[in-house]
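Once you've looked at the hints, dock chains B and C against the given chain A.
Residue numbers (the numbering used here), protein chains in the order written: chain A, 1 to 442; chain B, 443 to 744; chain C, 745 to 814.
Just so you know, nobody snuck in bad clues.
Rough simulated footprint, nothing fancy, chain A against chain C, three-plus residues with beta-carbon under 8 Å: (1) 781-794; (2) 799-806.
Between beta-carbon pairs, the in silico distance windows are: (3) 730(B) x 343(A): 42 to 50 Å; (4) 244(A) x 510(B): 48 to 56 Å; (5) 242(A) x 482(B): 49 to 57 Å; (6) 464(B) x 207(A): 29 to 37 Å.
Please keep in mind that the hints were generated in silico from the structure rather than gathered at the bench. All C-beta atoms, glycine included, are put in the ideal place defined by N, C-alpha and C.
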Amino acid sequence: MATRSGVAAVAATRKKSSPKTLAALTSAALALPGMTSHSHAATPPTKVELEGGLFYYDEGPDRVRVATVQQQALTPVGDNFDVKLNAVYDAISGASPIYNVPTLECPGGTVIQPTTGGAETVSGASGASGSSTSPLPRPRGGIPYTQSGCKPIGVQQVISPTPFDDRRVAVDLKANHYRGDTTFGVGLGISDEEDYRSNFLTLDLRQDLNEKRTTLALGFSLADDKVMPVNDPGFIGDKQTLQYLVGLTQILDKYSITQVNLTYSNAAGYLTDPYKDVFVLDSNSVVPERRPDERGQWNLLGRYIRFVPALDAAVHLDYRYSWDDWGVTANTLETSWIQTLGAGWQATFGVRYYSQGAADFYQDYFDTLPSSGGYTSDYRLATFGALGYRLRLSKALSESVRIDAGIEYYDRRVGLALDSTDNSDTADYDYLTFNLGWKVSF
Amino acid sequence: MRLFRFPFGAMGSPCELQLYAETPQQARGPADRAIADIALLEARYSRYRQDSLLSAINAAAAQGGSIKVDAETAGLLDYAQTCYDRSDGLFDITSGVLRRVWSFASGRLPDPAELAAVLRRVGWTKLRWHNPRLEFPIAGMELDFGGIVKEYAADRAGTLLLDLGITHGLVNLGGDIRVLGPHPDGRAWTIGIRHPRRPDALLGNLLVRQGALATSGDYERCLEIDGRRYGHILDPRTGWPVEGLAAVSVLAPSCLVAGSASTIAMLKAQEGPAWLAGLGLEHLWVDGTGRIGGNLRPSAAA
Amino acid sequence: MIARAALGLVLLSLGACAANLAPWERGNLARPDMAFEPYPVEAAFREHIWFSREGASGGYAVGGGGCGCN
Chain A
1 MATRSGVAAV AATRKKSSPK TLAALTSAAL ALPGMTSHSH AATPPTKVEL
51 EGGLFYYDEG PDRVRVATVQ QQALTPVGDN FDVKLNAVYD AISGASPIYN
101 VPTLECPGGT VIQPTTGGAE TVSGASGASG SSTSPLPRPR GGIPYTQSGC
151 KPIGVQQVIS PTPFDDRRVA VDLKANHYRG DTTFGVGLGI SDEEDYRSNF
201 LTLDLRQDLN EKRTTLALGF SLADDKVMPV NDPGFIGDKQ TLQYLVGLTQ
251 ILDKYSITQV NLTYSNAAGY LTDPYKDVFV LDSNSVVPER RPDERGQWNL
301 LGRYIRFVPA LDAAVHLDYR YSWDDWGVTA NTLETSWIQT LGAGWQATFG
351 VRYYSQGAAD FYQDYFDTLP SSGGYTSDYR LATFGALGYR LRLSKALSES
401 VRIDAGIEYY DRRVGLALDS TDNSDTADYD YLTFNLGWKV SF
Chain B
443 MRLFRFPFGA MGSPCELQLY AETPQQARGP ADRAIADIAL LEARYSRYRQ
493 DSLLSAINAA AAQGGSIKVD AETAGLLDYA QTCYDRSDGL FDITSGVLRR
543 VWSFASGRLP DPAELAAVLR RVGWTKLRWH NPRLEFPIAG MELDFGGIVK
593 EYAADRAGTL LLDLGITHGL VNLGGDIRVL GPHPDGRAWT IGIRHPRRPD
643 ALLGNLLVRQ GALATSGDYE RCLEIDGRRY GHILDPRTGW PVEGLAAVSV
693 LAPSCLVAGS ASTIAMLKAQ EGPAWLAGLG LEHLWVDGTG RIGGNLRPSA
743 AA
Chain C
745 MIARAALGLV LLSLGACAAN LAPWERGNLA RPDMAFEPYP VEAAFREHIW
795 FSREGASGGY AVGGGGCGCN
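Same shape as in the complex, but just chain A (with noise of 0.2 Å):
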């Protein structure tokens, strides 16, 4: 047996294996050169890249539906720039909410509903007031319903009975720029559909920082639109309207990832909508809204997303605060589960849940027009809250080529809001869309 010496001399301290040998090894690793690697940041990308998808909206009947068409194709020049082609297709038509009516209950037990089918369609002005056609009977004797001690209630929401028909065409085209760690992009666009016209122009940069782990993002953009309403030739309203944003990405870990954003929009112009009426129970008339002609929004959103390796899928959780000088609050939560399910295949299930407090200047029908500022009873501007829940299903068929379809239902209900309120329920309506997408890259 061969003598071994220096046995019995083991060093005192015999060091257990723990984490921290493995920390200090791959620390020690790290600082090699060579062995962290440059592109992690955005990068250019190699291929072209062709995605669109179809989409159909269903409010259903009498309501409001629409089909749309896009196609992106997004194509390296260069080492270092990539350009992005984007265009949209919608066909609208049908039938939207106009304006809202109580149902009175006056001494004596008459009951004073709408007429039957809503509204006649609102005509040239006539009658003293210069009020248009008034969904109820003139009153008796000429006093106004408001001082002949009826009392509303109900709410009823009165739909347009002529159906509308659009068709909206939007074009845009975004440059960008790599450069290291910095990306910079430009866009440019139009939305062209028979009474609205939009041009803007999007200015956008991108910063990784700390190794890569974070991302700066700061975006920039400027829209000038203008309204051409079809139910008054001549008159055409501008709109201006500044977005700012600024926002940080986070990888946390290898497993997840983490961004803020907050946004400013500042609209000011023509911001009524001209298809959307009060109705003024004082007068027994419905007018034109009038919305205030400046409008600053903001948006604080928080998103995550982790990756769950024992199921290989992901989590995405969003969480968005609105709040805007209109008055409108709102809270946006909306989570999905990604699914990754072998062959290719990948299943996605989402949940998104929506509260808005209405606007400041909303009722649901006015007593008597306000001296000043705004008034609307636009049902999207009123207390309430929505709940959707959708489902995809996407197929890779080859490593370029990934097909996807997918279905969304929604539920839009006074009663789902946070906020308590006394906004009637009459606008309370769902809606269905089903997608199909694809996405080549070559």
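Quick look at chains B and C alone, frame taken from chain A:
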């Protein structure tokens, strides 16, 4: 996406790149650059080349002088220091000189006096390393980056290929493997583990999607004297081969860490399994009796 | 006040750090389902619906034109 294979020789071992790309040109360019980078590293740290950086260092070491080193060598020395510290002095890049007394070709055990003399010139604590200066207070020492450079080269090649857009493939430098990414359809790579005692057989296969796999074993070169096997992994404190494990495979995010961990585990011999268990990496060990342990189990070899 | 809270949130997220994340550990983060928007065309469609049916809008990005969506 097609698979392109590029076999080549480096670091004294058969090597190969397996890369997925759309066209041969898209694979050839990155492959050439990776192979060139590996050759450059080999040239710098080869024991066998007179003009290598390592030879310059060892020339200073032989005389007991001092030398200033560049940032890359400094990084390797710092890494060697970390391995020395975390292995209780078992992983020691000054132990290369012991090879002279263990002449695996001669077929006899070393002379004890000879061994003792060489041992006096072995020991990381016997040199002075203060970035950027390496000092050898005693003459006759020798550095050997053999246990580090091959794994470092595999990691560097991997990072280079990822930067060049190759995201599916692997780098294999004589059994030290760095996976870039799974097959394009998401399947993991099937990597065979050589059986320590039967040269043509596999212990099993491991499925690796990303990260690195390194294996240390004492079966490649050994001495058989009077019916006993003596491995080539020597304990730097005693100069004698360690006895305990036949092979260790470690899966880690980098080849450097996987390789050092497997080497240290072999050096720890009987305590290797416990050390590996506390490390926190997936690993597999086989001991002298053929017993298999660790938290990574190969599927049966086809 | 809200702006200050927002700034605090932003700084908090910068500080709440990633321990040393080695480049090879980013593999999972590069998966398409780990992108904030793995299906951008569909996301644009949904955001357009919310813009035309809800009182709040935006937060995800800037730009895009207006529309007369009714």
